[in-house]
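> Chains as they are written, first to last, in the numbering used here: chain Y, 1 to 477; chain S, 1 to 95; chain X, 1 to 478.
All clues given are correct.
Pairs of lysine to aspartate or glutamate, EDC-like flavour, derived with a Cα cap of 16 Å: (1) X:Lys126 to S:Asp84; (2) X:Lys126 to S:Asp85; (3) X:Lys396 to X:Glu409; (4) Y:Lys409 to S:Asp32; (5) Y:Lys400 to S:Asp32; (6) X:Lys126 to X:Glu191; (7) Y:Lys409 to S:Asp35.
Per label pair, the in silico range of CB-to-CB distance: (8) Y:Ala35 to S:Ser31: 41 to 47 Å; (9) X:Leu127 to S:Asp35: 40 to 46 Å; (10) X:Pro77 to Y:Asp32: 57 to 63 Å.
Output of the computed footprint for chain Y on chain S, the stretches with three or more beta carbons under 8 Å from beta carbons of chain Y: (11) 23-35; (12) 43-50; (13) 55-62; (14) 69-79.
Hint data in this document are derived by calculation from the structure and do not stem from the laboratory.
Glycine included, C-beta positions come from ideal geometry on N, C-alpha and C.
Here's the letter readout for the chains.
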Amino acid sequence: MSDIRDLTAREAIDQIGRGALSSDEVFGAYRDASAADELNAYTWVADEAPAGATDGPLAGLPLAVKDLFCTEGIPSQAGSRILEGYLPPYTATVVEQLQAAGSRVVGKTNQDEFAMGSSNENSAYGPVANPWDRERVPGGSSGGSAAAVAAGLAPWALGTDTGGSIRQPAALCGIVGLKPTYGTVSRYGMIAFASSLDQAGPFTRDVTDAALLYHHMTARDPRDSTSVGHPEPIALPTATKLDGVRLGVPEELTGEGIDPGVLKAFHASLQLAQELGASVETFTLPHAPHALAAYYVLAPAEASSNLSRYDGVRYGLRIEGDGTLLDLYTGTREAGFGDEVKRRILIGTYALSSGYYDAYYGRAQQVRTKVAQDFAAAFQRFDAIVTPTAPSVAFKLGEKTGDPLAMYKGDICTIPASLAGLPGISIPNGMAAPPDGGRELPTGLQLIGPAFRENRLLDYAYALEQHLGFDGSEARS
Amino acid sequence: MISREQVLHVATLSRLALTDEEVDRYAVELSDVLDHIETISALDLDGVPPTAHVVEVANALRPDEPRPSLPREAIFSQAPAVADDGFLVPSPQAS
Amino acid sequence: MSTQQQEFETVIGLEIHIQLQTRTKMFCGCALSFGEEPNTRTCPVCLGLPGALPVTNARAVHYGLMIGLAVGSELAPRSIFHRKNYFYPDSPKGYQISQFDEPLCLGGELGGVRIHRVHLEDDAAKLVHAGASGRLHASQTSVVDFNRAGTPLAEIVTEPDVRSAEQAGEFLRLLRTTMRALGVSDVNMEEGSLRCDANISIRPVGSTELGTKTELKNMNSFRFIERGIRAEVARQEALVRAGESVVQETLHFDPRTEAITSLRSKEEAHDYRYFPEPDLIPVAITEEMLEAARADMPELPAAREERFLALGLVDELARQLAWRTELADFFEAALAAAAGDAAPPAVAHWVSDLVARIEQEDPADSNVTPAALARVVALVDAKAITTGAGRQVLEKLVAGGGDPDAIVEAEGLGAVGGEDTLGPIVAAALEANPDVAEKLRGGDMKPVGVIVGFVMKETKGRADGKEVTRLVREQLGL
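Bound-form chain Y, shown alone:
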């Protein structure tokens, strides 16, 4: 692999700043690699470097952007047939912000349709391959972004996380993924899946890059009523030890349901944390087992409403049918949406429908409160909560597509923090063999912090990262 693409984003920015490299050289190297992508990580790659400022703190570095983000004049399809070829007339706030800081969009990445999925197998544009083993999934829904960063096609990428869609693919691809505190990054221009859960976040090769990119993503956006920005400027992490750090391990998420290989790497990480000076204690998060159920009511419910606008009238796919209004709607949506999206629309509609609201949506909102209360109690005692990010390493393409519930259960570790709006970061913490045999694959360690405590979380993650010494270069061949 070329020298340029061996550099982390920060290193590249550094070298550009010193004149050792030009911004266009860096962009060109990544663009060419992206254009030659064999993983199907991209649905659109720039033909050339886009016009625009290359000065600014991000030095014109290429950025891969999940197709869920609206980018003016560039296809933004959310992994769906119903938005095939759609060119938005505006750009998402977070992308604009990063462009203002000097980022240049090198490509739009493949994803599960409307961010619904955990394997990128729900894309209307084909699945994405995991760079570590091309017969396996990269995770989802931000599979394309994760694969692109892991394979060295982009130094960093934007993804979105609703129930784990940044953290889980980061774990399966051996890279860093951060889901920030809800409200710290604007959702304006981010095609909505589940409004009260969706958050944009960075995929990077290391924790430093994640801090750097996230630093430029936070803002209070007047166009997003739910955005609050971040009360602290995000700093580059420096911690090398974990002295006095109290880590909590929820027993509900670190036992049954987690693959032995993943657990082994997890415990090794806990051991390392203790060696670095942290105290590690198990505790209980009583409503964690119910979080999955609540999530699979709330997210589909909000999605069922958010996706009503795809009706063939103002943009996107249009199927005329027999010429009636009913046929226009039902035919367009039937042809335009894939299985998983349809399943979630149906469940979501059911949960909100007359007679069922209290039992499903109402109760799920209450479970959400309980989960938040569980975390609040835990953060009285702990500085961060640690879990494996995903219960297994990357599984084979097609392995779980016949069993939606099995696919959903892959989110058990990531969903609780989503419900509570708390920040969570996944860092690669080792390798493990999959249960079906075969080469070892990356595992991920998740750290969850109290709201707005990203700086602390990044420091803990950085300290661990330095000592874990995970090497992801194999995937970047």
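Assemble the complex: chain Y is given as a structure, and chains S and X must be docked to it using the hints.
Same frame as chain Y, but now just chains S and X:
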């Protein structure tokens, strides 16, 4: 747990023209999911307030100042069917 | 008592939508549209583009609070928006952002009708029939214009306290007056900034249970609403008297044919699947917001009514004028023009008389100016013309405008009065009617009308009746 009829009813509400195969398959798959979701019905949630927003703020109000609207060409360029300066739809009354 | 003979009571609840007169839409910065070219006032938010998010208009909330204050509502310390989900071409998101069980205002009262709630929501787009330009032949297609989509609406729902079509009309006129006084809306039914649906039911007099109600929609003037309500009440009464029951449905009233037809669509009743709008955070009323709303409150009809009573107007007149801005404004303008030559109660009486004679809702739109009316009142007050002559002048003014004095001159309506002129005529009248004169002398004043009539005939109605009677008494020594 969710019958064919219920799937059809909900499909109508959400404007999806499902095939017979889909109705059958979704009824099975969704029953599976709903079974799991049932775990929340056993919880004692008396007096627990629902969370509608995780962010604890109020009043993101916008001043009543006009901002530029989109040029018509920009929106029509993405529209599948345009006529008479508007978006063409089958009449709701006709069917 | 059989149903044939039973008396029924009408029970009406009104659901009113008012377009607020803000500069921009409810949830985005697009300027409100007044007849612009179609689809030139849209943005990602009001067009429902992927990724767009709503942000609440502070002035719309301000106007909502003012409406709440005007009707004495309880202003919710915290209210939230809900999504009302339904598919229709005029709904770009596939849901309307409205308020459900935590609205901005609860309770209140206006003109004796209790208010149930006031809440905010965004308006739908306009569906136009294709072929308007002549270019499209299909009657099976429509065209959507999203300029109106997202316009702020205040929805006001009354309790079922209205008991007649007249009362509905009166209430709506008072509501319009109030909204205009607040300056929050144009409230023009013809232009669509005021829309009203009526929920109508009947029940036997004395019953306290509510009958099955129907909903009457799409009426675009106060007169049509009154007529529609009357027609629907008649229809319901006929049904019940025939032993049938009223079916709950949505109806349309055609003012040309007076026919009531069902609007029931082919879909089943809507399941709106309300849930809290996750893209918006709660509205929490601060002291500042409350103060700002109070500071902007103008003189409301109730206060105006008090003022008119203090000027000496009788109750009904004070209310009639105060509850309609255009009448109150006209009255006050006439009073000002009279500059003391006419007393307020008299002016009020004549304004009321004028209103009864004209077609227009607003007397300012008639041919009679406030100054002209004031002059008529002054002339009558000074006995320069009789009351009867005054009415004649008013009729002429209504028909073709003009100057009252000129009309009096032209029509020869100047009162005939004074002993010199009237005295001999009264004497002649008494001479011509000796039996009447006899009775009068005897103290029986009943037939005095004969004498007055004689004098009126002689003077072509220009004599002042009271003056004639006085002269009769004088001449007879009574």
